[in-house]
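Those protein sequence lines, which keep their order, are chains A and B.
Per the working numbering, the first sequence starts with residue 1, numbered consecutively.
Per the working numbering, the second sequence starts with residue 165, numbered consecutively.
These are computed hints drawn from the structure, not numbers from a lab.
Model, not experiment: these values are computed from the prediction.
Do not take every clue at face value.
Said to hold, decoys possible - Covered by chain A, per the in silico footprint, the following chain B stretches (three or more residues, Cβ under 8 Å):
1. 366 to 376
2. 494 to 502
3. 534 to 544
Stated by the list, open to error - Calculated from the model, a selection of chain B residues having no Cβ within reach of chain A, i.e. all distances over 12 Å:
4. His212
5. Glu217
6. Arg223
7. Glu226
8. Gly283
9. Ser407
10. Glu429
11. Gly518
12. Thr591
Glycine included, every Cβ here is placed at the ideal spot set by N, Cα and C.
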Amino acid sequence: MLKTTRREALVTIAAGISAPALHSQGTYEPTTFSMEEYESLGTLVDMILPASDTPGAREVGVHAMLDEDLAKSDEALGILRDGLGRLREQGFADMTAAQRVEALTRYSESTGADRDFFETLKGLTIDAYYSTEVGLVQELGYQGNTYLAEFPGCTHEHELGEAD
Amino acid sequence: MATQDYDLVVIGSGAAGGMAAWNLTRKGAKVLMLEAGEKYERSHFWSHVKPWEARERRRRGERSPAFESLPLRESPYETPAGQSFLLRRVWGVGGKTNIWGRVSLRYGDLNFTEPAIDGWEIPWPVRYRDIAPYYDNVERLIGVCGGDDDSKFLPGSRHHLPPPNLRCGEVLLRKGAARAGYKVVRGRRAVLTQDHNGRAKCHYCGACGRGCDIGAFFNSPDYLLADAFATGNLTLRENAIVSHILTGDDGKANGVRYFERLTGEERTEPAKRVVVAASTVDSTRILLNSKSSAHPNGIGNGSDVIGRYLCEQFRFHVFAFAPQLYGRPSTNDDGISGGHIYIPRFESPEEKRGYLRGFGIQLWGIGCGSNAQFAERLPGFGLELKKEVRKRYPALIQMHPYGEVLPYRDNRITVDGTHHDRFGVPTIRIEYKLGENERKMIPRMYDVVEEMLHSMKAEPLPYKRGELDELGSAIHEHGTCRMGDDPKKSALNGYMQMHEVPNVFVVDGSGFPTPTEKNPTLSILAFAWRATDHMAEQMRLGNV
Ligand SMILES: Cc1cc2nc3c(=O)[nH]c(=O)nc-3n(C[C@H](O)[C@H](O)[C@H](O)COP(=O)(O)OP(=O)(O)OC[C@H]3O[C@@H](n4cnc5c(N)ncnc54)[C@H](O)[C@@H]3O)c2cc1C
Ligand code: SF4
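Chain B on its own, in the form it takes in the complex (with noise of 0.2 Å):
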C-alpha cells in the first residue's frame, strides 16, 4: 500500500472535518480521511414522505436512514446514576451536518473577551476581529439566510442571502416581544433562499430534519467534500473506527490505528500529521485513549485538561398560543424549517444581574406544525377537546432559551477503562452538571419569556418555571480540548495546533474554551478553516 503518499490523515468528515478536507485538498495537500460511518443516499432520504405515508411505508419494512443509531451501538457512553447527558452523535459521511438544525450566529467579540472581563475560566487566544474574515468566507461558501441586523450580541454580516418572510405567530410574537422591550432578529440558517454557487434554493418543504433530498441547507457531503474529491487529493475510508494516534520517541504523531467497523480488523495507518475532527466528545475519546510512554496521560494532555470543562448551553421549551390566531383557516408554516425569527442576548456583563454571561431565544415550531403534540397538554378528553386542537393548531407559539453554561474542571469526560467496545478500546464516561451561575440563570429566563407571551397576549400551556431540557441536548458539546495562550492551562493554542505535539490539530468545537449562547456549527468551519490556513503554512515552512 502505497500509504505514506498521504500528507496527513483527517479523523471525522461532519463540519469540521470537511472543511479541513476542502481547505488542505485546494492548496494541494493529499489527504486521507477515515470516517467511522458510511455515505448516506440522498435518495434514501425520507425528505417528501408524509407522517401517513411514512406508516405505509413502515408496515411495507422500509425504512428511513437511522442516522443516530450507529454511535450508541458501536460507542455508548455512562453517566453516573441520577445525573442524564444525553449525547446525540451521527456516524456518517457528514456527520451531524446530515441532518444539523443550519442555525448560523456569528459570535460577537463580546464572546470571545467575556472570559477576560469577568475572570471564568481562561481568556480566549482569539479576538472576532481575527476570525471575522473567516466569519465572511464561510458565509459565501456555503450560503447564510437572515438580516441586516448588527449588534454587540450578534456581529452584522454583508453576505447573507435574503431571509424568508415570517409566519402570522412570529409576526404577533415580534410585536409583542418589542413592546415588552426586546428586540427580535431575523434568523440566520445556513439554507439557500436563492440558487447559490451553482446549487439549487430550497422549495420550503420543512424536512430538514430529516435530511435534505436536493441539498439545499448545508451540509459536509455536498457542500465540502465533493470540491474536495474534485481536486483529485481527497480519499475517504469509510466504517473506519479510529482509537487511537501512534506518537514515535520524540512525542509526535507518527499514525493512527482504527477498526475496520465490517470486517472487525485492526488496522495502523503511518501518518505524518493529523487532524481531528471528530466531534467534541468522540475526539476527546480518542485522545484520552492515545496514551504512550511520552503521554501518559493522553496524547498532548500534559495539562491535565483534556476531557475537562465541558460545557454547552441549557435550554428549555414553552408552548403557548396567539389568541389573534384561534379559528384561523390553517397555513402552510413549514418555511425553511425552524425559526425565521431569533431573540440575541441583550444583558451586557456590565449590567449588576448575579450571574455572568447570558442566554438567546431560539424560536422554532411556530405555527401550523406537522403533529398536534400540544394537545397532549390541553386537558380534558372527547369532542371538546378535538374542537380546541383545531382551534389552537394555527396559533401555536413556542420559545426555546438557550443559557450559556460556564467551563468547570469537574465537568468532565473520562476513559478509565472499566467500559469497552467490541474492539476492546475504552468507551467514555461523561460527569455534567449546572452549577451556580446557572440557576440563578433560569429564573431570568422564565422571567423574559412571561414578559414577552404577556406582551403578546399569549395563552401559555402548562408549565412549571424552572423546569429544564434534559443536559446535552443542545448537542453543542465543547471545552474538552480547549484552546489558549498557556500551554498548563490550555491542550491548543490559537491555532487549534496542539501546545505538546505540533503535529497534531484539532478543529472542532472541543478547542472552543466557552460555549457561548449560540450555536457553533458557522463557527466551527470558521476556526477550521482558520486553523487549516496556518496548518498549510507551517507545512511549507517545514515546521510540521
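The shape of chain A in the complex, shown without the other chains (with noise of 0.2 Å):
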C-alpha cells in the first residue's frame, strides 16, 4: 500500500532518529521499567514515529506514558520486557542507528516473539503518540471535542464530485 520502498523508507527513518533524543520528560523517573529498558525504550518509540516538522514520540514522552500505563499491564508489559532482553543481548545500546534500524526491521519481519514486540511497541506508540497535543493537534490538524452552533460538514462536495 505504501509507495516508497522499504529501502528509501530505512534511510528516511535512519536520519529521523539521529536527531538529537530531546524530551520534555526529562526529569520522569520510571517506575515499571528499569533505567536501561527506559532509554532503550525511549530509542525505540522514537524509531517508531522520529521527529518530522513536528516532534517525535520520545519528545513527547510516550516511552514515560508507556512506563505509566503498563504499570498494571501483564500482557503487553511481559512482551515489552521480553523484546527489550532480546535487544540487549543483542547489544542494542551500542548499536549505530542504521543497525537499529536493522534490527528493528528485523523483528517487524520475523515471525512469533520478536514480531509480537514489534507490533506491540508500535500499536502501543501511535495510540499514545496520537493522544498527545502535539501527536493529534500539531501532527494532525485534530479540531474536534469543541462547541459548534452548526455542523458544517463536507464544504467541497462539489471538488469531490469532481475528483471520483
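Combine the two chains into a complex, taking the hints into account.
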C-alpha cells in the first residue's frame, strides 16, 4: 500500500533518529521499567514515530506514558520486557542508528515473539503519540471535541464530485 | 414503613424501566423503582476533556465515571471455554442509555412478519400497525433526527428532527454505494439537532460515548425519570440489587427480594405488581432465580423458554481510505458523533439467497477522529509511517455490517447454581454460538462491503474475510423471555405480560422473539410504552 520502497523508508528513518533525543519528560523517573529498559524504549518509540516538522515520540514522552500505562498490564508489559531483553543481548545500546533500524526491521518482518514485540511496541506508540496535543493537533490537525453552533459537514462536495 | 402504598415495583431504570415509570406515574400509579447502581452526576462526565487532558487528570488521580465496572464486579458471568460472549452492562441510574450509541431505527412490518413467513422460530404477536403509533409517540417525546426516507425495510417517520450534514467521507461513500446499486439513507439518532421540548440542542462535540454534559441525546434520567419524579408518584431506591420476585400460593407475584449494595443487607419489599426491566440478561437472571413451588423452573417458566433463544446481531468492521481525501486539510468531523448515514437492509425474503433475514450496515467513525488507531495496521515504521498517517487521517472510512442471528433453543442463559455473587445468589452462564444461517450470510456481507469500497475507489486496510467481532459486542441482547401468542412457546403475551403470572410484565428487549438487523432501543421504548398502557388499563379494570 505504501508507495515508497522499504530501502528509501529506512534511509529516512535513520535520518530521523539521528536528531538529538530531547524529551519534555527529562525528569521522569520510570517506575515500571528499569532505567536501562526505559532508555532503550525511548530510542525505540522514536524510531517508530520520529521527529519530522513536528516532534517525535521520545520528545513528547511516549516512553514515559508507556511506563505509566503498563504498570498494571501483564501481557503487553511481558512482551515488551522480553523483547527489550533480547535487544539488549544483541547489544542494542551500542548499535549505530543504521544497525538499530536493521534490528527493528528484522523484528517487524519476523514471526513469533519478535513480531509480537514489534506489533505491541508499534501499537502502543501510535496510541500514545496520537493522544498527545503534539500528535493529534500539531501533527494531524485535530479540531474536535469543541462547541459548534452548527455542524457544517463537507464543504467541498462539488470538488469531490469532480475528483471521483 | 408504608411500603404497601406502592401500586407496583419497577426493576431497573434504563430505557425500559424509565419508560415504564414515566408512563405509569403520569397515569397516577405510585411506583417504587429499584435500581442496582447509583445516579451519575452530569457534572462528573468527561465530555469536554481532550485525550491529553484526560491523561493529566488521571495523573492527578481523577477518574471519569466507570460506567461498566459495577456489574462485572457484582454480577460476573461465565461462558464455556472457547466460546466467549462480550456482555456490556451499565449499572447506574439510566443504565446503558447514559452512553448508548443513539441509533434509532424503526422495525418494519417485514421484521415482524418474517418469522411467520420463513417459519423460524415463532411469530411475533405484534404487527407494524400496532406499534407504529408508539414509534410516533416515542420520537416526539425524545427527539430523533433523520431523513425523509421510507421503505419496507426501514419505515419512515414524520417526526424526525433535521439530519446533520454529511462529512466528506460520507458524501463519497454515499456516491460510491449508489453507483454500486445500494441505497444510503440519513442516519437516525436520538440526538437533538434543534431545541426540543425545552431541551437544548447538541453542540457537536462528539463526546456522546462519555456521556453528554448537557443531555442533548436521549437518556432515561433526563427524558423520562425527571418527568416521573415531577408527578410526585415515583420513589427511586438506588443500590438495590434485586435477586428474586416472590410469589404467593396463587402463583402470583407478591413481592421482590433485593440486597442493599452498600450494606449487604437483604430486604423484602411487598409488591402488588412487578415490572421487570433490568435489561435482557439481568432480567433473565432474576426470572430464572425466582423459583418456588408454584414456579419450580423460574417464575412464569412452565414453558421452559425463559433463558433460551438468546439472540442479537453479529458484526464486523472494515477500515479503508478514500484517496480523494488524501492530504486534505483536517476538518472537525465530530458532528453528532457516530454515522450521519446508514445503509438499511435491502434483501427481501422472496429473493433466493441461501439464508434467511439479512443485514444493515452502520457507518460510524468516518473522517478525522480523536485517535489514529488505524495506523497500527499500516506497514513499517519511521518517518514514512508518520507521513502516511497524516496523509490518511482525513480519509478514513469505516463500515460496520450488522447481521441478524436467528433464535436458537440452545443459545441460552442459565443459572445452574455452581457460581454465586457475594450475596449467595446464583450468577449466570451464557452459551451462545452462530449457526449455519449466519455462516452463510457472512460471505455475502463481505461481498457487499467490497463492492461499495471498490465503487468508491477506496483503499482498504488489510482484513481477513470472514472475521467477526467478538459475539455479544452488538449489545442488543434479546429473546430470553420472548412474547408470543402461544403460551407453550412463549413467556409473555403481546403486551409483555407473563402468560403464567399476570401481575408481572417484562418490558425490556428480552421480550423480542427476534433481534432483527437493527438497534433496538427505540423499539424497546415503544413496546414498553404500549405494554404499560395495557397494564394501566388492566389495573383500572381490576384485572391485575
Ligand atoms: C456503548 C453502547 C452503545 C449502544 N448503542 C446503541 C444504539 O446505537 N442504538 C440502540 O438502539 N441501542 C444501543 N445500545 C443498547 C442500548 O443501550 C440498550 O438497548 C438499552 O439501554 C436497553 O434498555 P434497558 O432498559 O433494557 O437496559 P439498560 O439501559 O441497561 O437498563 C437496565 C437497568 O437495570 C438495572 N439493573 C440490572 N440488574 C438489576 C438488578 N438485579 N436489580 C436492580 N436493577 C438492576 C441496571 O443498573 C440498569 O440501570 C448501546 C449500548 C451500549 C453500551
Ligand atoms: S455531540 Fe451533541 S449529543 Fe453528543 S455529547 Fe456532544 S453535545 Fe451531547
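Each hint tested on the structure:
Here the segment 366 to 376 of chain B counts 5 residues with a CB under 8 Å from a CB of chain A, which clears the bar of 3, and the coverage holds. As drawn, the segment 494 to 502 of chain B meets chain A at 7 residues by the rule of a beta-carbon pair under 8 Å; at three or more, the given contact holds. Counting residues of the segment 534 to 544 of chain B whose CB lies closer than 8 Å to any CB of chain A gives 9, which reaches the minimum of 3, so the coverage claim holds. A cut-off of 12 Å between C-beta atoms contradicts the statement that His212 of chain B is not in contact with chain A; the least separation is 6 Å.
Once the 12 Å rule is applied to beta carbons, Glu217 of chain B is inconsistent with being away from chain A; the minimum gap is 9 Å. Non-interface status of Arg223 of chain B relative to chain A is broken: a Cβ of that chain comes within 12 Å, the nearest being about 8 Å off. A cut-off of 12 Å between C-beta atoms confirms that Glu226 of chain B is not in contact with chain A; the least separation is 14 Å. In this structure Gly283 of chain B is separated from chain A by more than 12 Å, as the shortest Cβ-Cβ distance comes to about 44 Å.
The beta carbon of Ser407 of chain B is kept farther than 12 Å from every beta carbon of chain A, the shortest such distance being approximately 32 Å. Separation of Glu429 of chain B from chain A is adequate, the least Cβ-Cβ distance of about 33 Å exceeding the 12 Å criterion. Taking the minimum C-beta to C-beta distance to chain A, about 33 Å, the non-interface status of Gly518 of chain B holds against the 12 Å cut. With 12 Å as the threshold on Cβ separation, the claim that Thr591 of chain B sits away from chain A holds: the shortest Cβ distance comes to roughly 25 Å.
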